[in-house]
Every structure is written in structure tokens, then in C-alpha cells.
Amino acid sequence: MKIFLFGIGGTGARVLRSLTMLLAAGARTPADLTIIPILLDMDMQNGDTERALRLVELYRAIRRTAYKDTSASQGSQTERRTFFGTPVQPLGTLQAENAQEKIGDSVLPKLTEHEGTFEEFLSVSSMDDIDRELLKLLYDNSARPTSAELKLNLSVGFKGNPNIGSVVFNALEDSAVYKYFTGAFNDQTDRIFVISSIFGGTGSAGFPQLVKLLQHPSQKIQIRNAKKGAVTVMPYFALEENSESAIDQNRFLSKTKAALSYYQTQVNLDALYYIGDRPGSKLYPNVEGGSRQTNNAHIVEMLAAAAILDFANKPDGEFSEAKRYYEYGLKRNDRVLDLPHFYDQTYNNLLEPLIRFVYATKFFTDFVPANLGEAFAKNLKLSQDLRTNTFYTSLENFMNHHFKSWLHEMAQNDRGFHPFDLPNDFNTIVRSKPIETGFFDKGISEKFLRDQAGKIENNLQAAFPQPEMRFMQLLIEMAERCREKLGPLNRQLSDAV
Amino acid sequence: MFVALYELWLGQNNDPIYADEIFTPVGVITLFVSLGLAALFYLLLGRWRSVFYRTPHWIIVLVVAGIFGYAYALYYALGATGAEETDSYMQGFGGINLLYALIYFFIFSLVLKRFSIFAKRTPF
Chain A
1 MKIFLFGIGG
11 TGARVLRSLT
21 MLLAAGARTP
31 ADLTIIPILL
41 DMDMQNGDTE
51 RALRLVELYR
61 AIRRTAYKDT
71 SASQGSQTER
81 RTFFGTPVQP
91 LGTLQAENAQ
101 EKIGDSVLPK
111 LTEHEGTFEE
121 FLSVSSMDDI
131 DRELLKLLYD
141 NSARPTSAEL
151 KLNLSVGFKG
161 NPNIGSVVFN
171 ALEDSAVYKY
181 FTGAFNDQTD
191 RIFVISSIFG
201 GTGSAGFPQL
211 VKLLQHPSQK
221 IQIRNAKKGA
231 VTVMPYFALE
241 ENSESAIDQN
251 RFLSKTKAAL
261 SYYQTQVNLD
271 ALYYIGDRPG
281 SKLYPNVEGG
291 SRQTNNAHIV
301 EMLAAAAILD
311 FANKPDGEFS
321 EAKRYYEYGL
331 KRNDRVLDLP
341 HFYDQTYNNL
351 LEPLIRFVYA
361 TKFFTDFVPA
371 NLGEAFAKNL
381 KLSQDLRTNT
391 FYTSLENFMN
401 HHFKSWLHEM
411 AQNDRGFHPF
421 DLPNDFNTIV
431 RSKPIETGFF
441 DKGISEKFLR
451 DQAGKIENNL
461 QAAFPQPEMR
471 FMQLLIEMAE
481 RCREKLGPLN
491 RQLSDAV
Chain B
1001 MFVALYELWL
1011 GQNNDPIYAD
1021 EIFTPVGVIT
1031 LFVSLGLAAL
1041 FYLLLGRWRS
1051 VFYRTPHWII
1061 VLVVAGIFGY
1071 AYALYYALGA
1081 TGAEETDSYM
1091 QGFGGINLLY
1101 ALIYFFIFSL
1111 VLKRFSIFAK
1121 RTPF
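Residue numbers (this note's numbering), protein chains in the order written: chain A, 1 to 497; chain B, 1001 to 1124.
No lab work stands behind these hints: they were computed from the structure.
Careful, some of the hints might be misleading.
[Claimed, not checked] Estimated spans, in silico, between C-beta atoms of each pair:
(1) A:Thr78 - B:Ala1004: 26 to 32 Å
(2) B:Leu1099 - A:Gly438: 46 to 52 Å
(3) B:Ile1059 - A:Ser494: 49 to 55 Å
(4) A:Tyr325 - B:Val1051: 45 to 51 Å
(5) A:Thr388 - B:Ile1059: 30 to 36 Å
(6) A:Pro465 - B:Thr1024: 31 to 37 Å
(7) B:Gln1091 - A:Ala370: 54 to 60 Å
(8) B:Phe1032 - A:Lys442: 35 to 41 Å
(9) A:Ala370 - B:Ile1017: 46 to 52 Å
(10) B:Leu1110 - A:Ala370: 26 to 32 Å
(11) B:Ser1088 - A:Pro465: 38 to 44 Å
(12) A:Ala370 - B:Ala1039: 55 to 61 Å
(13) B:Leu1099 - A:Asp366: 31 to 37 Å
C-beta atoms are modelled at their ideal positions from N, C-alpha and C, and glycine is treated no differently.
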């Protein structure tokens, strides 16, 4: 089963970033799932988007080398596909029927060839006078940079103006990316999911337009009949005051209310997830777009990504008219969240894999470089390859820079998600349960890790002659041993807040 | 075989007891003790836990093999000949047996290290 995942605007990119982290950690997904992420954004330089793109590229590079996608290897009883297990494939790499134009293999295909202002996009200069005057009634045509709508440069997105975005997205059907998508969508089991925000510009404009298009009678039957879901992200952060910016956060809630009432009658999907949060004390920089828009990761984005996995895990029979709207709840409304704050489904499907991936990250980024003289490292040629082989440099980049930053950003945000202390030693990484040590048992010590790594690598040699594939299996096994050492977690919330 | 190995370096002793009763048992025991030490290092300790598997540890076992080779040759020769003290031939025999013990241990190391887990790359 493929899920064509449309991520619209900056929120789409940020949720894709979280989804990539969860997939890397081995969050529960159907065994045959392939994710086809398609980011739709006019703001090609957006910092959030750029970061998500790089992350997906790293994910794919790691996965390509770690596993062989052949039927023989997939049936192998010894191979485990826990980390980086789910294939993520750009739309342009699929076969598409009748696609007249190639769209490249980027996750962010060009939405339109247009580069310039909204006025130029509408070809206002060639309009009749009467049409031009009507447009001036509908859109602000002043020269003030914060409110000029017709003069808005579309290369940085819609700056929180869905009334502009909806016009641009109206042309989506004629875009090369959409045509390619319709050509590639051929399987009855494939599904479609849309990520968008409801309070910004690009997402709130693109989402209803896209849904309308997907359900239009002119679309091919596979697309019309496909199971469709969406996550709509409501306001969850506040911005710093910036009188120069066109983005007015005071309109976030009113825009949300207006959009929700529109969705109620106009958007009809098999599953619609709503998520939002009361903005915390940490203010985000008020940046209109471009490379400077790199918002810190937030738990809401991770839970929005969890909605995608929830949708993917639902069997066809579970979709019904009666239950189509989903919201998310925590055990307790604390500003800093830890593992016990989450109910079983999230804990089992997302957080348990994250615990293992945290151990794997610590093992790879801290233990391995300090133990290159060990036999397991020499067998894997790590002293030569760790800094030069693309697989290891990609893994290092993914874990050391992206994954650690992602966890750190979520921990520092408000509401915070702070279940791990990665700079600590192995025994105190999981904050809700330090591993007890004594004279005879040092917990996850250097010696424990050396013993386990040596034995596991030795056992894997016959089944995985290629070092990179063997190393991925080693990571998975090591994380499992560390998790066993941690033991059962107490998931009851303590009284202290 | 062992007689030839020792006489290659030491030459023949006037007392035939070396060729008849000393060289072969000392050579065999030295060979087996070297094998035992290599097996202990690579197959027992080297597969059990990561406690005694690095190059310095290997050198310690090598030295033990050498000391055994020297001491056992003298001990056996003294006992077999009934001499009260060692002579220069006997000392030379101890030295050569020490050298053979080191060589045996080195060769067994090359053979057995592939079966180890933690000492698979020891000494190189």
C-alpha cells in the first residue's frame, strides 16, 4: 500500500520532519507501506522545508544501503527492519501513466513556473479595467509592505493570506506535479493523506482546494474511491511581535474558526484529525518565509505525524461514516510531557520505538567512535569507513544533527516533550526511569556494550556479509538489548506537577 | 621431529639422553601448552566476555608461554639427567624451547583468532 502524503506549506514540512523521525525509529506501520511525500509550497527556500527535504534524503540514503529491497531479502527470517524500515519514495520516482512532463525526484516539486507577484500571477496588466477594479476591491493594493496583497511576492508563500493561496491553488490541477500524481495513482489499495495548518496561508488555502480536486467527478475512479485522510493543525504557537511582518497572529483564531465552519460542510474525508494546543510562553520569530523560517520542533507536529501512521494502520473496514473525526488527548495537561503522559496506543506505537532509537543513537554517536579498536568495529571496517562511507556519514548526520536537534527542540519548547536526556550516560537517558546500578550490575556500562556488540556482530556475520547491512542489524539488536536492560517502565503519572 | 628441531640450534649432546628422552616429550608438552594457552585466550576468554582480549593481554599470554617453555625445559632436563645444576647446553635448550613456545603460540594465534569474538583482531 502506498500513501500519497501531501504536505502543504511550512506545517506540512515540519510534520514531515517529525514523521521521518518516527519512521526512522521504527514506529508501527503496515508491513507493505510506502510513503510518497509530496510537499506543496510556493516558498521553495523555506527553512523548514529545506530541513525536511534534507532529512528525507538522508533517510533514503541510509535505507537504500541498510536493506536490499528484493523479495529474497524481505523474506529473510534473520533480517529485522526496525529502524528506517518504511520506504519513502518521491513522487517523481514512480511510474506514471501518460505523464507528459518529468517532475524530478525531489519531495518538493515545483508547484508553478511562476516567479513574481500575485498581481503578475493573475496577469492584472492584461485585464479589462472593470476586472482590475474588482480585484482592487477584493485585495489590498496599497504599497505598504505588511498589507499589500496584490504586490505580494509569491516566492515566499502566501504570508498567512489564504485568500491569495486559494487562487494560486486553484491552478493545481493543471500543474505538472498533480498530473504526474494522477498518472502514478493506479492501485485500489493506495491512500491519500493531506497535512496542513488551518491558521496560516499556504496550508489553509491549499487543503480545501486539494480535497475538492481529489473528489471532483472528473478525477479518475481510483483517486475518487481512495481512502482519504487529513490532519489539520490548529494554532499551537505564538509569534514575536513584528510590525514589519505581514503575518498577523491575532487573526489565527478567527481564521481557524472560519476555516472550521467551512470544512464542516465542504470537506468530506474518511478520517479527519484535528490537533492544536494552547500556545506556550516560547514565542517563535515572526518570519514571513524564506530560509529564516526554521521553527523549533513541537510535540504537536510529532502527534500530527502520528495521525498519518494511525490512518495508515487502519484496515479498510474500520473507516465508517459514524467515526471520521479524531482529536488527541493526554493523560494530564502539564506543560512538560514525559513518557507517562501518553496513553497506550501512542506509547506502544511511537514512544517504545523512540526509546530504542535513542539508545541506538547514543550507541552510534558516542560509543562506536570511542571503540574503533574493538573487534566488532574492525570487522565492520569502521575506523576507515565511519568518516568517509556515505552510509555512515548519512547516519551520523541524521542521528547526531537532525535527531538530537529534533529531540532537543521539542524538549525546550512550550509545551515541552522531554522524555530523554541524550547527553547523559546510557543508564540515565530515559528520564522516567534511571537504571539502577550496584556492585555486581553496572547497568548499560561500556563493558556491557562491548560484550553485546562483539557477540551480536559475530552472530550476524554469516547472514549479513555486507558491513553496512550488518551494522544496521547490529544497531537494532543493540537498541533491543539496552531496552531489555531498562526493564518495564512505570507509566503512572506522579502527583508532582 | 623435535630432536631435529632442537639439534638444529644446539647441536648433538654427548649424552644421548637428550635425543632419546628429553627433546620429544618437552617439545610435545610445549606444543600442547602453547595450544592450550592460545585456546584459553581466543576460544574461552575471547568468546566469553570483553575482559581479556586486547594486544597487551595477548602479550602477557605470550610471555607466559615463553616462561613456561624455558622453565619446563630446564625442569625436565634436570630431572631426566639427574644433574644438580644446569649446564650451558641445558640453558641453551631452555632458551630454544622458549623460542619455540613463542613461535607455537604465535602460529596457534593466527589459526584460532578467527574463532574468537572479542580477540578476533588480536594481535592484528
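We went through each hint and held it up to the structure:
Distance hint for Thr78 (chain A) and Ala1004 (chain B): a CB-CB separation of about 51 Å, inconsistent with the stated range 26 to 32 Å. A hinted range of 46 to 52 Å for the beta carbons of Leu1099 (chain B) and Gly438 (chain A) is consistent with their spacing of about 48 Å. Judged by the Cβ atoms, the range 49 to 55 Å given for Ile1059 (chain B) and Ser494 (chain A) holds: they are separated by roughly 53 Å. For the pair Tyr325 (chain A) and Val1051 (chain B), the supplied restraint of 45 to 51 Å is violated, since their beta-carbon distance comes to about 59 Å.
Checked against the hint of 30 to 36 Å, the pair Thr388 (chain A) and Ile1059 (chain B) passes, with Cβ atoms roughly 32 Å apart. At about 45 Å, the CB distance of Pro465 (chain A) to Thr1024 (chain B) disagrees with the hint of 31 to 37 Å. Distance hint check: the CB atoms of Gln1091 (chain B) and Ala370 (chain A) are about 47 Å apart, inconsistent with the given range 54 to 60 Å. In this structure, Phe1032 (chain B) and Lys442 (chain A) meet the distance hint of 35 to 41 Å, their C-beta atoms being roughly 38 Å apart.
For the hinted restraint 46 to 52 Å between Ala370 (chain A) and Ile1017 (chain B), the CB-CB distance of approximately 57 Å leaves it violated. Between Leu1110 (chain B) and Ala370 (chain A) the CB atoms are about 28 Å apart, so this pair conforms to the stated range of 26 to 32 Å. A hinted range of 38 to 44 Å for the beta carbons of Ser1088 (chain B) and Pro465 (chain A) is inconsistent with their spacing of about 56 Å. A hinted range of 55 to 61 Å for the beta carbons of Ala370 (chain A) and Ala1039 (chain B) is inconsistent with their spacing of about 30 Å.
Hint check: Leu1099 (chain B) to Asp366 (chain A), Cβ distance near 45 Å, so the stated range 31 to 37 Å is violated.
In this structure, the hints that do not hold are numbers 1, 4, 6, 7, 9, 11, 12 and 13, in rising order.
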